[in-house]
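Engineer: Build out the structure end to end from the sequences listed, making use of the hints.
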Amino acid sequence: GDSVTQTEGPVTVSESESLIINCTYSATSIAYPNLFWYVRYPGEGLQLLLKVITAGQKGSSRGFEATYNKETTSFHLQKASVQESDSAVYYCALGDFFGGSNYKLTFGKGTLLTVTP
Amino acid sequence: DTTVKQNPRYKLARVGKPVNLICSQTMNHDTMYWYQKKPNQAPKLLLFYYDKILNREADTFEKFQSSRPNNSFCSLYIGSAGLEYSAMYLCASSPDCNQAPLFGEGTRLSVL
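Order-wise, the sequence lines are chains A and B.
Per the numbering used here, the very first residue in the first sequence carries number 265; after that it's consecutive.
Per the numbering used here, the very first residue in the second sequence carries number 513; after that it's consecutive.
Source of the hints: derived by calculation from the structure; they are not laboratory data.
Where hints are given, some of them may not hold.
[Said to hold, decoys possible] Think about it this way: if two alpha-carbon atoms lie no more than 30 angstroms apart in a straight line, the pair counts; the simulated DSS-like pairs of lysine-lysine are:
1) B:564 x B:529
2) A:373 x B:549
3) A:315 x B:529
4) B:575 x B:529
5) A:315 x B:517
6) A:322 x B:523
7) B:549 x B:529
8) A:322 x B:564
9) A:322 x B:529
10) B:529 x A:334
11) A:373 x B:523
[Claimed, not checked] Pairwise CB distance ranges (calculated):
12) B:527 x A:308: 27 to 37 angstroms
13) A:305 x B:534: 19 to 29 angstroms
14) B:530 x A:282: 23 to 33 angstroms
15) B:595 x A:272: 19 to 29 angstroms
16) A:347 x B:521: 40 to 50 angstroms
17) A:279 x B:532: 38 to 48 angstroms
18) B:552 x A:380: 16 to 26 angstroms
19) A:329 x B:592: 27 to 37 angstroms
20) B:534 x A:376: 22 to 32 angstroms
21) A:280 x B:563: 47 to 57 angstroms
22) B:598 x A:306: 39 to 49 angstroms
All of these numbers come straight from a predicted model, not from anything done at the bench.
Don't be surprised by glycine CBs; every beta carbon is placed ideally from N, CA and C.
Structural biologist: Shown next as structure tokens:
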């Protein structure tokens, strides 16, 4: 089945430092699945951070970026300068089809990020 | 309203008793999902409805039931809760396969 592997946390970074959270994927049904980063801030629900549905393109949101690399099957999340408010759990996910037009997301385990002042 | 609502936020259940969790959305989304999230594990898809058609994952087929009486409402039903059902249950909805599913805040179920 589909799988997503991401950086194991927890990850601690100082404010204004750069960040990279690695994500690699394996999709069984289609060559180019949709790719997502979701984030869960403390006390809140899971929310979409960014998505890319076309291989080779880059998505960005709130200073975060991720590029869909089909050669390395990766979708790493990067930010040049993190802030304390970025402290959260980050989930990489892929969207794939199965059984015809059925569509579902497969998630990684999540990476807990703590940004220290 | 562009949110997915889940009730209750916290649920306490006894071993062997039934549990019913509720999810609703008023965005006219075709697909509604239920995921289970345990500590240090990835959110795991349990089942989903595409319109009125229920799809359940093979490895959780017998453990969870669901109903969707109308487009807005979807429930997750556990007939007899066991300790292993303690988890966060996440509901999500999506209008189509190219839109990222929108998640609710989740229901934390504790089985004692």
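Engineer: Checked against the structure, which of the hints given earlier come out wrong?
Structural biologist: Violated hints (numbers, rising): 3, 6, 8, 9, 10, 14, 16, 19, 22; every other hint is consistent with the structure.
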